[in-house]
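Take a look at the letters that make up each chain.
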Amino acid sequence: MLPLIAALVAGTLFGLGLAVAQMVDPAKVINFLDLFGTWDPSLAFVMGGGLLVNAIATPIIMRRKTPLLAEFFRTPTKHQVDKRLIVGGIIFGVGWGLAGYCPGPMLTSLSFANSDILTIVAAYVVGTLIARIALRAWERDRLSRAQRA
Amino acid sequence: MEIVNFTPVPAFIGGALIGLSAAFLLLVKGRVAGISGIAGGIILPEKGDVPWRILFVLGLILGGFIYQWMGLAPDLSQIQAQVGKGTLIIAGLLVGVGTTVGTGCTSGHGICGLARRSPRSLVATLTFMGSAFVTVFIVRHLVGA
Numbered sequence: 000m001l002p003l004i005a006a007l008v009a010g011t012l013f014g015l016g017l018a019v020a021q022m023v024d025p026a027k028v029i030n031f032l033d034l035f036g037t038w039d040p041s042l043a044f045v046m047g048g049g050l051l052v053n054a055i056a057t058p059i060i061m062r063r064k065t066p067l068l069a070e071f072f073r074t075p076t077k078h079q080v081d082k083r084l085i086v087g088g089i090i091f092g093v094g095w096g097l098a099g100y101c102p103g104p105m106l107t108s109l110s111f112a113n114s115d116i117l118t119i120v121a122a123y124v125v126g127t128l129i130a131r132i133a134l135r136a137w138e139r140d141r142l143s144r145a146q147r148a
Numbered sequence: 000m001e002i003v004n005f006t007p008v009p010a011f012i013g014g015a016l017i018g019l020s021a022a023f024l025l026l027v028k029g030r031v032a033g034i035s036g037i038a039g040g041i042i043l044p045e046k047g048d049v050p051w052r053i054l055f056v057l058g059l060i061l062g063g064f065i066y067q068w069m070g071l072a073p074d075l076s077q078i079q080a081q082v083g084k085g086t087l088i089i090a091g092l093l094v095g096v097g098t099t100v101g102t103g104c105t106s107g108h109g110i111c112g113l114a115r116r117s118p119r120s121l122v123a124t125l126t127f128m129g130s131a132f133v134t135v136f137i138v139r140h141l142v143g144a
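If you read the protein sequences in the order shown, they are chains P and F. When the count follows numbering that gives the first Met the number 0, it moves up by one through the first sequence with no breaks and lands on 148 for the last residue. When the count follows numbering that gives the first Met the number 0, it moves up by one through the second sequence with no breaks and lands on 144 for the last residue.
Since the hints were made in silico from the structure, they are not lab data. Check the hints yourself; a few may be wrong.
[Claimed, not checked] No farther apart than 27 angstroms at their CA atoms in a straight line, the calculated lysine-lysine pairs in the DSS-like style are these: (1) LYS84/F with LYS77/P; (2) LYS77/P with LYS64/P; (3) LYS46/F with LYS64/P.
From a predicted model like this one, the values you see are computed outputs, not experimental measurements.
Bound conformation, chain F alone (with noise of 0.2 angstroms):
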């Protein structure tokens, strides 16, 4: 194993803001920041309350730009894809359909759930966490070598 780019200390501040926001959508809303949930329910209402989902995908552009306005580095716009078109097809469709199917991502079931202690987040966390372990092993060392 060989470490590369470790960024602690910005993981830890963008973390924090993360926690924040979840924090505050609970006391305000009553609601998890679950980001598949949330995106979940503007794909394919359930019932009534679509606005605040809408206002609150629009903050996750906003939070980019405003990023972006800040000058912060590194600038967001160097980012690359790591995979051609193909696969992000393939990795979009898999990530839709498994965050609905195991009601939650990262946010909700990691985030979220985590600190609600639910077995349920607790495990869906493990899950997807070893699957995706295992997927990039798969493609970098097996596929890849």
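So here's chain P without its partners, still in its complex pose (with noise of 0.2 angstroms):
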């Protein structure tokens, strides 16, 4: 139970944090990309508290053995850099860029929810579905290769 309270309380300041910052208004966000045209820095201030706080925290929790909730830390463990990382990159980048929405923002913005917050969050949900299907028959094909050679 109180791991999901955690998870609750996390994610409520997330939400909170998002909805202060106004990165639930696409606007500001296209403003932010638009470096040649009407540019608003503020994202670049949302991510400068975030990356703050949470780079001075990091490596403090880090050294703990164990998470007080959990029995073990599930961060990221692979460092090289591929081809997979710099395709996603690309394409998220232009799906972000073309309406200003992040994943982030985009669920927040189900609290005031009209047909554009619907439309964008369902062509979100299928995108999702499919490429993990995708990456899902990918990975069973390279094993199953793997084991045969």
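With the hints as a guide, bring both chains together as one complex.
Take a look at the structure:
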């Protein structure tokens, strides 16, 4: 029960932060990305504030052997940069630039949902589902080929 | 370049709240606060750990509600999408596919990964930021001009 409450608290802080920072307004996001037009530097301060707190807290937290309410830390361990990372980043960037919505603000915007927000969230869910199914099939294929070899 | 609607103070406070949320999730659950990763694990679950993800996403929405209950300005209900339904669909699909293939979004790579000094997250953040800057430049200044 306690870990679930913790997840709810973390999500709530995150959503409140996005709302306070006005990152749920795609006009602000697109203006941040418009360096050569009407530039709104606010998003850089959101990233800066988030990074400042997290970059100080993370190394202190990671000195612990275990988290407070879980058996172990499940932070990503992979270090090498691969093609998948770059291709995914490019695709995500195009989508983000087109409408001004990344996943956090999109989901937080469900708190004042209208048909536009429901449309982009539905498309995001479908896109994620297609990619996860495709990646799963691709991984399985790669594994079975490796076993045969 | 013309600077518009710059709101550094709420941006920094909101950002700090997001950082606090990420630090809290790491401390308590040992998990990275990457929204696309958390949501992806609900949309097509891997194994058993779905409930905390659902509560985190409900929290995101609750956070938006709390902001509105507090009556803070600006009013969220005034926010408008900047593009039509067709573009919203394409953008949503691309964000879903891109964050899944690239294993993370603005939060997971940008705020959590950079804080852990992950080289992968640095490359990912520069890639999607660069791609988004180029996209807006093309849409606003080449196509829209």
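Problem - List of violated hint numbers, smallest to largest - result: Violated: hint 1 alone.
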